[in-house]
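Residues per chain are reported as follows:
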Amino acid sequence: MTRSVFRLDDIRCRDVDIAGGKGANLGALAAKGFPVPPGFVVSAHACRSFFGAIDLAGQLPALAAAGADDVAPQCQRIREIIARTQIPSDLSRDILCHHQALVDGGGADIVCAVRSSATAEDLGDASFAGQHATYYYVAHGNLLEMIKNCWASLWNPEAVSYRSTQGIDHGSVFMAVVVQEMIQSEVSGVTFTANPVSGARDEIVTEASWGMGAAIVDGRVTPDHYIVSRDGLKLRKKRIADKRFMVPARLDKGIATRLREVPHGLRRRETLSLEQAQRVAEWALKAETHFGAPQDVEWAMSGGAFFMLQSRPITVMGREQIGQGEAGRYVIFKPLVENFTDPITPLTRDLLDCVGPFGVKFIGGRAYVYLKFFKALLPFELSDAQLARLLYEMGAKTPPMKLSVLKLPIFLAVVFLAYLVIGVFFARTRRLPDDFMDGYRRLCRRVEENPALTPVDAMWRLWPWFWTRFFDPAGFMVILVNLSAPRYMVFLGLLQKVLRGWVPELGEDAESLLCSGSEGVLSAEMGRGIWELAKEAKKSRAVGGIFERHKPEKILSALKAEPQAARFLERLYAFLDVNGHRALKELELQSVRWEENPAPVLGMVRNYLLAETDPTEHENRVARNREALKAEIRRRLDEKPLEKRFGLRRRLIDYLAERTRYFAKMRENSRFYHVMGLYCIRKKILAVEADLLSRGRLRCKDDIFYLRYGEVAQLQAGWLEWRDVEDRIRERRMEHVRYAKMVPPKTIGVTSEEAPQSEDPAAADPDALAGQPASPGRYEGLAHVILDPSIDIELKPGEVLVAPYTDPAWTPLFLTAGAAVVEVGSYLSHAGTVAREFGMPCVVDLPECTQRIHTGAAVQVDGDRGVVRIMSGRKGAR
Amino acid sequence: MTICVQTALFLAGMGLCVQWVAALYGIIDRGYCLQTRPRQRKQVMADILLWSAVSGTVFWLLDEGYRPAFVGGYGTFVLFHIGTFLGTKLVIRWKMRVSTRR
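Chains A and B supply the protein sequences, listed in that same order. Number 1542 in this note's numbering belongs to position 649 of the first sequence; there are no gaps in the numbering. Number 638 in this note's numbering belongs to position 9 of the second sequence; there are no gaps in the numbering.
Just chain A, same shape as in the assembly (with noise of 0.2 Å):
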C-alpha cells in the first residue's frame, strides 16, 4: 500500500510527485538542516486515492465541455461534492495522528498553517501564485476539513480556466497538503538575497516588522528596511517605519479580525539588532547557496529562535521585469502617467478596462498603448522605436516624419470614420453654459441611491466611453466633452502661428499669457474654496488656534469638540459637499476621499494660515499682466494695414484666446466630474465590501480591491469564500508593493528611439537638469520637494514646489508656489494645465528631481527650456 503522510524532514527534493512543489522545496530545507517548522504532508497520492473514491474523473468531461459561463458552477459542483464526503478512515486516523505528534512536540495550544502543494507548481512556465488555499490557525478540530478545502481549490474556477489555457489536463494535477506548525513569532519579516527593486546582487534586503509575517507581505505595514552587504554584511542602510498594525500570533476568540494596532511604544523601536539582521541575512544566503539563485525568504523569530518558513526564487528582480510574457509591444502613456503614479489594484484595473478605450492595456499596474494598434492608424513610415518615442513625447517638438504613400488611404478612412462618429460630439459641445455638466452630480446620486446598480453598472452609467441612453445623456456628458476638449491644442497652435507671424517681438510665453485665467476651472475653484476657509478660520482666535496646535489628522475632531467653531464647520460642510469627492490619486478607487477623511483639506487650511498669504495677489498680478500685453498687441496691431479701421487680426486673435480657453477649461472639468463618478463607483463597493465583511467573505477592509470583478461577483454569490480568496490577495497585494517600489519601464517589448542630445549649453551643464517644458517663464527661489501634501503641506509663498507628480488635490500649492518641477507628466498634464493658468513656469517629465533637488536648494526654473539649473544648496546624488 502507498504511504500517505510523511514527516517533512523525510521529503526531498526529487519527491515532487508526492509532496507536490511547496511540500519538496520545504523538505529539502529541513533535510539539509534548516529551521524549518515542523510539519508533515499529507501526499498526493492520498489526494488521487480520495479523487478516486468520489469518481472525480466522471465530472471531468462535463467540465471539458463547459462553456465559459458554465465553469464556476460546474467547479461549484466538484466542490460540493469534496465538501461533503469524508476523508477515509484509514487516512483521517494518519493525519491525525501525525497531527498528535507535532502537539507532543509543540504543546497543546499549537496551531497550524495548511498549505496547498499542487504536483503541478514545478511545471515549466505554470504559476498558480494565489489559486491555491492556504489556511492559518488551523487547529485539531477543523485540520481534516481545511485539508479538503485544499484539494477543493484545486476546483477553484480560475485555477481550471489556467489550466485550461496552460493546455494542462485536469486529471494529472492532485495536491499534496503541508501541515507545519505556526510559529508564534515576536518579530518576523522577508529577506531577499539580492535587492528586488535595483536588482543590485551585492546587497541583501530584509524587512520586518512585530508579530507574524502576513502584513509584511501583503504590504499592509511599512515594514523597517534593513539593507546589509553581500561582502561581510555590513550594514548599509536602515530605516525604522512608524509600524502601526500587526498580526497577532494568536486570534482572539469571536474576532475574525486579524490586524491589530502595536502598542504605542513598539512603533518606532526597531525589530532587528544589527546581529540579528545579519544572522537572518546569512541563513538567506545559505538558502541561496542550496538552491543555486537568489532568494526570497519568509522568516520568523520567537524566543530567540530563527525559524525559515518558505525560501523560493525572487520572481521579480527590477523593472525590467515588468510586462516580461507581455506578447506585444507597448509603451507608457504619457498622458496618463501623473494620474497611475503608483500602481493600480486589480479591481480598479477590472473596472477601468470594462468601459477602457480601445489601444491602452494596464501592466504591472500602469497604463501603456499598444504600438501595432497606433501603427496601424497613423500614415508615417515609422519604426516601432520611433512610434515609442513618438508617442511617449506626445505634446513635445516631434521629430520629422515620412508619409506613407500605402498607408494614407487606410488614414483617411480612419479619419473620415473618425469625422462621422466624433463630429457630432464636436458640434455638440462648440458653444454649452458653464454648468451643462451639473446634471451629472444629479445622476451619481440617482446611481448611488439605486442599490440595483453593481460597481459595473455604474461604471457603464458613469463612465461610457460612448453614449448609452439617448434621452438621459448626463453620463455621457463627461466623456463627450474629454474627447472633444483637446481641440484647444488647435486653437494654441494658429494662436500661436498668428501671434509670431503678426507680432513677432512678443515674449515666449505670449499665448499662454493671453489664454491664462482660471475663471470657471473647478480645481481652481476647489483652490480658492480652501482659501475662503481659510480666511473663515481666521475670524476666530479659537478656530485658529487649533489649527496652529494640532496635526491635520486631530483638526477635525478638536473643531467638532469647540463651540466656536460651528460657522467654520458649516462653511467646511459646504465645501466638502461640492469637492468631497477629491482625493489623492483620485483615479485609483481604494483612494480615501476628503469627504471620508477631510485631513488633507484641514491641512491645506493650515497652510494658508502658517503662509499667511494671499492667493488672489499672484492672481490679480497675471490678470494685470494679460491686460498689458492684451494692449501691447493692440498697440502694434494697429500699425498694420486696414487693423485701425476693421480690426479683423486683433478679433481672430481674441477668438483663438478665447477658445483655447474654453476648451482647456472644458477638459480639466471634466476630470472633476470623472472624479465624481468614480467616488460613486467606490461608494457601491464599499458598500459590497460592507456586506462581505459581515457575513465573514472578507475579514479586512480594503482587501476588496486586491480581487478581479469576476471574483467579488463569486464571493457575493457564495461560489467563493474568504478561504479561497485569502491567498490571492496576500499574493496581490504582494506585487502591489513590489510593483509601487519601482519606476515602470517606458517601454514594453520594444526600446523607444532616444531623443537627439540637446544643442542646448544647459545639456552639459552638471548643475541642470533637461526635463519638458509645461508653462513658460523663468523663476528662480528656494525649492520645497513635497512628496504627500496630505502629510507635508507647508508651502511658503514664492517656493519652487518639487513634486513626483501632481493632480487636483495638489492644485492648492500652486496657489503658493513661484514655479513647479514634477517628475512626470507633458505640456497637457495637470501640472502644465494648472500652471499656465496661473502665469507661473513649471517644467515637467524630470525622473527622479525629488531625489536630486532637495528642499532649501536655489533653483532656477526655466520653463521656455525645460531646464531646472540648481544654483546653491545641497544637491541629491545623481
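If you're looking for bench data, these hints aren't it; they were derived computationally from the structure. This structure is a prediction, so every number in the text was calculated from the model and none was measured. Hints may be right or wrong, so weigh each one.
To be verified - Rough simulated footprint, nothing fancy, chain A against chain B, three-plus residues with beta-carbon under 8 Å: (1) 638 to 648; (2) 659 to 672; (3) 688 to 694; (4) 703 to 715.
Stated by the list, open to error - Here are the computed distance ranges between Cβ atoms for each label pair: (5) B:LYS671 with A:GLU1741: 36 to 42 Å; (6) B:VAL634 with A:ARG1393: 23 to 29 Å; (7) A:ALA976 with B:VAL707: 55 to 61 Å.
Claimed, not checked - Where chain B lies over chain A, by a calculated footprint (3+ residues, C-beta under 8 Å): (8) 1325 to 1335; (9) 1475 to 1487.
We put the CB at the ideal spot given by N, CA and C, even for glycine.
Put chain B on the given structure of chain A with help from the hints.
Showing chain B alone in chain A's frame:
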C-alpha cells in the same frame, strides 16, 4: 465629372447632417435649462433653424439630378448614427458579461 460632383454632394450631405443632428442634440444637452434660460432656448432654436435652413437651401439650389446624392448623404449619416448607437449597446452588453466573468 458627374460622379465626382455626386460624391462631393453625398459627403456634403453627410457633413451638413452632422451639424443638423448636433443641433437637435441641443434640446437634450441643454434640456435642464431650456425652461429657465431664454438665451439658451433661443440658441438651441437658432442652431436648429440655421442648419435646417442651410440644408434646405442647398437642396433647393441643386439641380434635380443631383438632389438624390445630397439626400442620400443626409440619410446615410442618420442611419450610420443610429447604427453606431445600437452597435455600441451590443458591445457594452458583451463587455459587461466579460467583466463579470473575469
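When the hints from earlier in the document are held up against this structure, which numbers fail?
Structure breaks hints 3, 5, 6, 9.
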